[in-house]
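If you read the protein sequences in the order shown, they are chains H and F.
When we follow my numbering, the leftmost residue of the first sequence carries the number 21, and every step to the right adds one.
When we follow my numbering, the leftmost residue of the second sequence carries the number 10, and every step to the right adds one.
Don't read these hints as lab results, they were simulated from the structure.
30 Å max Cα-Cα, derived BS3-like pairs, lysine-lysine: (1) H:LYS107 - F:LYS58; (2) H:LYS102 - F:LYS58; (3) F:LYS57 - H:LYS229; (4) H:LYS193 - F:LYS55; (5) F:LYS211 - F:LYS143; (6) H:LYS107 - F:LYS57; (7) H:LYS102 - F:LYS55; (8) H:LYS229 - F:LYS55; (9) H:LYS193 - F:LYS129.
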Amino acid sequence: MAEVKVSKEYKTISEIAGPLIFVEKTEPVAYDELVSVKLSDGSMKRGKVLDSSDKVIVVQVFEGTTGIDRSASVRFLGETMKMPVSKDMLGRILSGAGDPIDGGPPINPEQRLDITGAAINPWARDSPHDFIQTGISTIDGMNTLVRGQKLPIFSGSGLPHNDLALQIARQAKVRGKEEEFAVVFVAMGITNEEKQTFMKEFERTGALKNAVVFLNLADDPATERIVTPRLGLTTAEYMASSWVCRFSSS
Amino acid sequence: MTDMTNYCEALRQVGAAREEVPGRRGYPGYMYTDLAQLYERAGRIKDKKGSITQIPILSMPGDDITHPIPDLSGYITEGQIVMSRDLHRAGIYPPVNVSSSLSRLMGGGTGEGRTRADHKGVSDQLYAAYAEGKDLRGLVAIVGKESLSEKDRKLLDFADLFEDRIVRQGEDEDRSIEDTLSIAWDILGTLDMDQITRIDRKYIEQYLKKKA
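The task is simple: from the sequences and hints, build the whole structure.
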């Protein structure tokens, strides 16, 4: 990291629109830079810079802009959003913002990784060919999934896609090789009822011990929903690179 | 990741708040880029053991596969598993619509040493016979089952068998690939020999005889 930037507090919010605040620019800030907003009642909110090209900086506030007024102050933190990751994350259930919601202790980070991830060098990509057995005939037999593939499920509302996802998360394995397999399950915009089902199912079936679960609820702010899959993928990348051999995000 | 549709709605919401020029159906024009930034994080890297496999789930608004979300996703991902409302209504779980599903990387992951040597042929044969059987359903609705030839009637029954035995399975049923293939040989056994055209002779002798 470069030298620590002594950040100034700006009280130059000029406009608030939905999840965004507009801050009049005073000195250069970077795209994607983290922002903390101090409200007039002393509480804090976090956000990130969406646009810094103009005179006015657009900041996306993760927790929603309720309560923010012109007297709120904005501080630019000089780094992009990082995700604390650790091997101890297996078996944990986290919120869409990455905080534990299973009543367990906070995650003790081994590393803090950038949530946008590093692009894979196209030349270094290897073609996927290891069979993953999901235990579902229509997938294994007719539309085989391989390690490293991205295979979406196109569903419709009311169809049991979440049951299928849970079943795949539970059953998926690579045969013949003693490789570790971890599942990162990312749910976005789910109802409270679905959240209860997911938590119960993961615990009931024992699938939770090899899984990290992120649950972003329908009443969580939209801006958090944009971050949630990136947190999940960052966790997966950490696991794939450090010791567990793969992950399947359902 | 479930549900990508909710994710895209969030993108649209933020885009609208920024007063961006909207794209198709109000989704931001950069949604393709944004989705690719997520999906392309899957993959294998040479000389590294770990890999990332992604199964993003999205619900198609109005079951419309041309909607921007499934449309753009389909360009990036390597195939898709499509769920069918008709099968769901018929009480079949998991309601996977095999005819419109596709895994683009299937070829590299199947066959000898990966699954089983007969896998490719068997799955081609199942596809073909199921498709013919499904076509005949339309015909039967008009002319009735009686006017079908013996062979066509077998294909018609095969489509029902396929949905009942291959597609349908329990929520806690974990089938190995051998289980799947042996069910497949079982139902292929109901067809005439000259209707099985896509499987190598030697596999037919090896596997079909046992069932007969």
